[in-house]
Amino acid sequence: GESVGLHLPTLSVQEGDNSIINCAYSNSASDYFIWYKQESGKGPQFIIDIRSNMDKRQGQRVTVLLNKTVKHLSLQIAATQPGDSAVYFCAENSGNQFYFGTGTSLTVIP
Amino acid sequence: DGGITQSPKYLFRKEGQNVTLSCEQNLNHDAMYWYRQDPGQGLRLIYYSQIVNDFQKGDIAEGYSVSREKKESFPLTVTSAQKNPTAFYLCASSAGQRTGELFFGEGSRLTVL
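The listed protein sequences correspond, in order, to chains R and G.
Counting from -13, one number per residue, gives the positions in the first sequence under my numbering.
Counting from 37, one number per residue, gives the positions in the second sequence under my numbering.
For the record, the hints were derived by calculation from the structure and aren't laboratory data.
Yeah, the Cβ is synthetic: ideal placement off N, Cα and C, and Gly gets one too.
Every clue listed holds true.
Derived DSSO-like pairs (lysine-lysine); straight-line CA-CA distance at most 30 Å:
#	chain 1	residue 1	chain 2	residue 2
1	R	K28	G	K93
2	R	K28	G	K119
3	G	K93	G	K106
4	R	K28	G	K106
5	R	K57	G	K93
6	R	K28	G	K50
Derived, one-sided and incomplete: chain R residues facing chain G with beta-carbon distance under 10 Å:
#	residue
7	Y22
8	P30
9	D35
10	N79
11	F86
12	G87
13	T88
14	G89
Assemble the whole structure, with the sequences as input and the hints as a guide.
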C-alpha cells in the first residue's frame, strides 16, 4: 500500500509564532493532497488542498507547499493560536483512494 | 445545513455481537467511505462506494460489511468476525472518487467489552 509519513509526531509552539508541519509521501503518481485538522474525539476538518500542478497554495493563515522532486508536503500556520491545537494529517490521492499520514499533534503554548 | 451525520457517537458491544454504525449525508455526494482510526495510525479504509448498489473493499474489510441502497446512506456493520473492533470509525463522502476533498462525519467510537 501507499506510505504517507509525517515528520515529528508532536510539535509545540508559542502562541503567535508560526508553525510548520511536514509530510512525506511515497507515490510519485499522487496528484492531489489535502491537509486535515482533527480535534480530540471529532472528525477531521479540511484545511487546505493542493494539486500536483502547483507548488504553493495559500489560505487564511495557512500555506501548503508541495515539493514533487522530493515528495514532500508542508503546512505552515501563521500566528498560531490556541485554537490551532489539534492533530494535523496529510492525505494523498493518486486517483484510486486517499492515503493518510499518522498525524502530528500540535500544541500551542499560551 | 449540509453535512455527514454519524450515529451513535458512542457504542458498547459485547463480544460476539454484530453492531451497525449509521452514516447519512445530504451533500448529494456520489462516493462514500468508511475509515477506521486507531491511536498512532493513519486512517485505514474499510469499504467505499462510488454509486448506489455498488461498493468495494478497502484495505481492512475483513470482519465488516456495508450496503448502499440509497445515495444518502452507507451503514457499516461490524461483525463478530472482526477480531479487534474497538476503534474510532469515520464515515466520509466526496463528490466523486477522483473529485475533490473528503468530507468527514464526527465519528463513532465503538468499544467491545
